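Each protein sequence line maps, in turn, to chains A and B.
For the first sequence, the positions run 11 to 535 when my numbering is used.
For the second sequence, the positions run 889 to 1335 when my numbering is used.
Hints are computed from structural coordinates only; laboratory data are not their basis.
Check each hint, because a few of them may be wrong.
Under the rule of at most 25 angstroms between Cα atoms (straight-line distance), these lysine to aspartate or glutamate pairs were calculated in the DMTMM-like manner [to be verified]: (1) Lys1038/B <-> Glu1086/B; (2) Lys1253/B <-> Asp81/A; (3) Lys26/A <-> Asp1041/B; (4) Lys933/B <-> Glu1011/B; (5) Lys128/A <-> Glu1252/B; (6) Lys968/B <-> Asp915/B; (7) Lys531/A <-> Glu486/A; (8) Lys890/B <-> Asp325/A; (9) Lys310/A <-> Asp1285/B; (10) Lys938/B <-> Glu901/B; (11) Lys1292/B <-> Asp304/A; (12) Lys1142/B <-> Asp1287/B; (13) Lys316/A <-> Asp1146/B; (14) Lys1014/B <-> Glu919/B; (15) Lys1319/B <-> Asp1285/B; (16) Lys338/A <-> Glu499/A; (17) Lys531/A <-> Asp325/A; (18) Lys310/A <-> Asp1041/B; (19) Lys1253/B <-> Asp1279/B; (20) Lys128/A <-> Asp1279/B; (21) Lys338/A <-> Asp891/B; (22) Lys1319/B <-> Asp304/A; (23) Lys128/A <-> Asp1254/B; (24) Lys26/A <-> Asp1245/B; (25) Lys1322/B <-> Asp304/A; (26) Lys316/A <-> Glu1290/B; (27) Lys26/A <-> Glu1249/B; (28) Lys310/A <-> Glu1324/B; (29) Lys372/A <-> Asp304/A; (30) Lys1329/B <-> Glu1290/B; (31) Lys531/A <-> Glu499/A; (32) Lys26/A <-> Asp1254/B; (33) Lys968/B <-> Glu919/B; (34) Lys531/A <-> Asp500/A; (35) Lys310/A <-> Asp1287/B; (36) Lys75/A <-> Asp85/A; (37) Lys418/A <-> Asp387/A; (38) Lys1207/B <-> Glu904/B; (39) Lys1329/B <-> Asp1287/B; (40) Lys26/A <-> Glu904/B.
Source: prediction; values computed, not measured.
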Amino acid sequence: MQTTWNISSSPHTRDKWTTAFIIKCVLLALLPATVIGVVVNGWHALWVVLLATFSAVASEFLFDKLCHKPDTWKDGSAAVTGLMLALTLSPNVPLLLPVLGSMFAILVAKCCFGGLGKNFINPALAGRCFLMVSFGRAMADFSVDGVSAATPIAELMAGRAVNITRMFLGTENGIIGSSVLALMLGGLALWAFDFIHGQICFSVLGSFTLVMALLGGQGFDVRFLLAHLCGGGVVMGAFFMASDYVTSPVSRLGQTVYGVLIGVLGALFRLYGGTADAFSYSVIIGNLFTPLIDTYVIPKPYAFRKRALRAQQGDRVPFYLRIPRAVKVLVSIMLIAGLALSCIYYVTKDTIDEQQRAARAKSFVSVCPGAVSFDSDVHWNLLIDSRSGQPWGSGFGRAYINEALIGKNESGETVGYVISVTSADGFDGNVSLALGLDPDGKIYGVSFTELNETPGMGMRVNEDAFKNQFIGRSAERFSLNKAGGSTREDQIDSVSGASITSGAVLNAVNAGLDFFHTVVKGGDQ
Amino acid sequence: MKDTFRGGVHPAEHKELSRDAALVRYDPKGEMVFPLSQHIGKPAKPVVQKGDSVLVGQMLAQADGFVSAHVFSSCSGTVKAVEPRRTLMGTFADCVVVDNDGQFTPFADYETRQDTYGVSAAEVVKRVQDAGIVGLGGAGFPTHVKLAPKNPDAIRYVIANGAECEPYLTCNDQLMRSHAHAIAEGLELMLRLFPNAEGVICIERNKPEAIQAMREAIQGKTRMSVRDLRVKYPQGGERSLISVIAGVDFPTSKLPADVGCIVENVGTIYAIQRAVYYGEPLFSHCLTLSGEGAANPGNYIVRDGTMFSELLEHAGGIKEGAMVKKAMVGGPMMGIALASLDVPVQKQNNGLTLLVDDENEQAEKDMTACLHCGRCTTVCPQGLLPQMMADAVHINDMDRYENKLHGLECIQCGSCSYICPARQPLTQIFKRTKAEILARKRAQSGR
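The whole structure should be built from the sequences, with the hints applied where relevant.
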C-alpha cells in the first residue's frame, strides 16, 4: 500500500477563484465600455486602447526581467491598468500619451512600490494624472473633426444644457470609456457576482448624488443629478477605480467611510472646483486615506459588538441594535441631509422666487418703457417650448429664446415687446439678455440678466458705451465691427479685446430680432 | 426564521460518494492501540498492566481529574504493552496496546435495556462520566463537564448538532437516519438535566432523509424541535449554531453554557443514550471513509483503537489506478493530514478522507501577493479581519493582533484560507500565532 502522503495545515481544499481569475473577470467587465468607445470614436481610439494595454504589460515584463522579479506580467493586472488608463483618455490624444501614461502607471505607481497588491494609489489614475499635468492641452482636446468642442461635463459645469441620453449611451463627446450604459453593465455584473464590494460603489454614488442635490442649487432635480452622474467618469470611478481592491479599505465599515469620502469630495470638486476631471482626484485622495482608515476603522468581532454583549447578558436585543452599522450610518446621513435640504428649500423658496421675479421684471421694464404689465402669447410659448434645447434659427450660434412677452400700459395698449434670449457662446458661460422693442421693431434697449464674463474685458459689454449702441436702431440684423468707429445703422462696435463676448451678445440680439420679425410680426407659428 | 450565521463559505460537498451507504460495523483483527489522551484535558492513567487480559468495554485507563475521560477497551484480548506509539498528530504518545483475540467477548451485558424512570440528573451525568464519553464532533471535550454547568436552570437551549458541514463526511447523516429514536431519547435524557431548556436538532438541508427521520422520531416528545439549516461551512461549529439558534455571539473566553446553551454532536447524544440505557461505555462510534481515492466509500461503526490502515484495507483499499496525494482524519476543512495510516482510530475521529487531488499543493503554486480583496473578512464567521491579522503577524505587532484585532477569537475554521484568491495560508498563520501567544502567556503566568 502507498505509504507517503502530503502533509499540510488545514484547510485542504480551496475555492476556485484565484487572483488571475478575478483579474481576468475585471478585464472582461471593462470590455463592453471599450467596445462602445472604439465603435463610437473610431480607429484612433482602438490604437489608444491597444497601445496603452500593450505598453502596460510590456513595462511590467521589462521591470520583472531587469529587476529579476518573478514574472507577474502574466497575471493580467498590468493589462487591466493599461485598459483602464486608455478608457480615461480622450480619443484624440497623440499616440505617445497612452504609452507614456502606461509606463508611468506601471513602472512608477505600481512596480516601484512593490508591485501587485502594494501600490498605494490606483496606477491607472496615477498614469492619468501624470498625463494631465504633463500634457494638459492634449489631454483636454475633445475636438470633433478638427472643430474644438467641450465634453458634456464641461458644458454642465458651465451651466449649459446637455443630452443625458447620449451621455448614458456614450455617444456624446468625451473620453473613450464614457458609455455609462456599458460601464454599468460591467460594474453591476462585477458587483452581482461578488467581485467588487457594494459598500464602496453605492456609497460613492449615493453620497455624490446627495451632496449634488444638497449643494448643487437644483435640489433633487432628476435631470440635473442624472447629468452629473452620467458625466465626468463618476460611474467609471465608482465601479472600477474606487472599488480597486488594493487601494481600498478591507473592512465593510471602512469601505463605507472610504466610499462616502470619495463621493463627497467628488461632488464638492465638481461644484466648486475648476476642472471637469475632479473625480479622478477625489478617488486618489480616497486612496491616500485608505491606510489611515484601515488603521483606525476596525469593526469589532461579532462577539464584542453591543448587540452581542446584550444577548450574552440574556437581555432581549433591541431592534435598533440588529441593524448593521453601515446601514445606520448611510440612512442617518441621508435623513439628515434630506431634512436639511427640505428646510432650506422651504425657508428660501418664496424669497428666491420673489427676488427672481423682481429682478426680471425690473430688467423687463427697463427695456420696455411705459409698460406696467406683461402678457404672454400662447402660440409663441408653444413654439418656444417646442424648440427648447435647440438653438434659434441659423447663423446666431447657440442662441436660445427663453421667453417672449407683450408689454402693455395702464389702459392695456401694446407699447412694446420683450424677448429674453440666452447665448451659450460667451467666453465663460452663458450670456442672457432681455431685448426690448417697440411695436415697429425699433430697439428700446438691452439689459443683461446673466453675465459671467471676464471683469474688465467681457464684462464691459454691460457698459453704456456698448449697450446703448442698440438703442433706437431698427436693423433686422446687426454685424460686429471690430475696428470701431462704425457709423452704419446695422453695425455695432465691438468691445476691444472681448470680441467673443461681444459676438455672443450680438448673436443673442440678432436671434431676438429674428424671432420678432418671423414670429411676432411675421406670424410664423 | 434565521437559518444561518454571518459569513461562511460553501465548499464542494462531495457527500454523494458515501451519503447512501448504510452504517456497517467493522470488527478488526489486528492489534489495537488505545492512546491515553483522546480528549481535551489531562491524559487518563492506565489501570492495566502488560499481560492482563481484557474484555470489550473493560476500563483500560482512568480519568485523571474532572476534566479528563476514561478509556475503554473495544476488543477482548491481552494487554501487550503500555508504551509510546505514533498517533494521528504524527507524534508519539502513551498508549495501551491490546493483542486482539478476535472474539469480542463483552465485559458486561450491553444489550439489555435498563429502566431509567426516576434516574436522577446527577445519576445521568455520572453514567456519562463512567462511560468515558467525549464530544464526538472532533474536539473531544469530556461530555460530563459540559453537562454539569454552574447553573443548569439558566440553560435555554440544548442543541443537537447534526449539521455535519464538513465536505465528504456523511456518518452523522446515516446515524440520524438509522438511529433517530435513540438520538431523540438521548436528547430527552439531556433535557432532564436542564428543566428550562428546549432541545433543538440542527441539520443542514442537504440531508432531507435525516431531517425527515428526526422529525418522525420526536413526534409526541415535548420541548423538542428539528431545525433545517442552510448548507454552509462552518454551520456545524458550536458558535455558529448558537448564533443561529439563540442569536448570541460570544467571545472565546466564554463557554456555551455561559450564554445558556449546550451543544452536543448527534453521535455524542447517541453515545449518551447507549451509556444511560444500556450501560455501554464509549468504545465505538461512526466514521466515514471517503474521498476520491477510496475504492469503496462508506460509513462504518468502528471500534476505537482500530488501525486506520486496517480499516482502509477492509474497505477495499485505495481505488484502482488512483494516486492518493493526501490522507486525512476528518474532512478537508479542518481535518488533520496523516503522515502514516498506521495510527489508531480515536474516540473523536469522524472520518478518513483520501484525496487524489491535493489543492494545497496547487495553492502553493498559485500564491500571489495579497490584493486586499476583503473576501476573508466577508467569510469570517467571527467577524474578524484576517487580512489585517496576517499583516500584524508579518510586522510582528502582537499587541495589534491580540488587542485591536482580537486575533485570539479565531476559531481556526479555515474559511479565510479557503476563500483567499491569493492563496495566502491565513489559517496556518493564525494557528501558529495563537499557539505562540498562549505559550508566552503560560510562561509569564508560571513565572
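I'd like to know which numbered hints this structure contradicts. Please list them from smallest to largest.
3, 10, 14, 16, 17, 18 and 29
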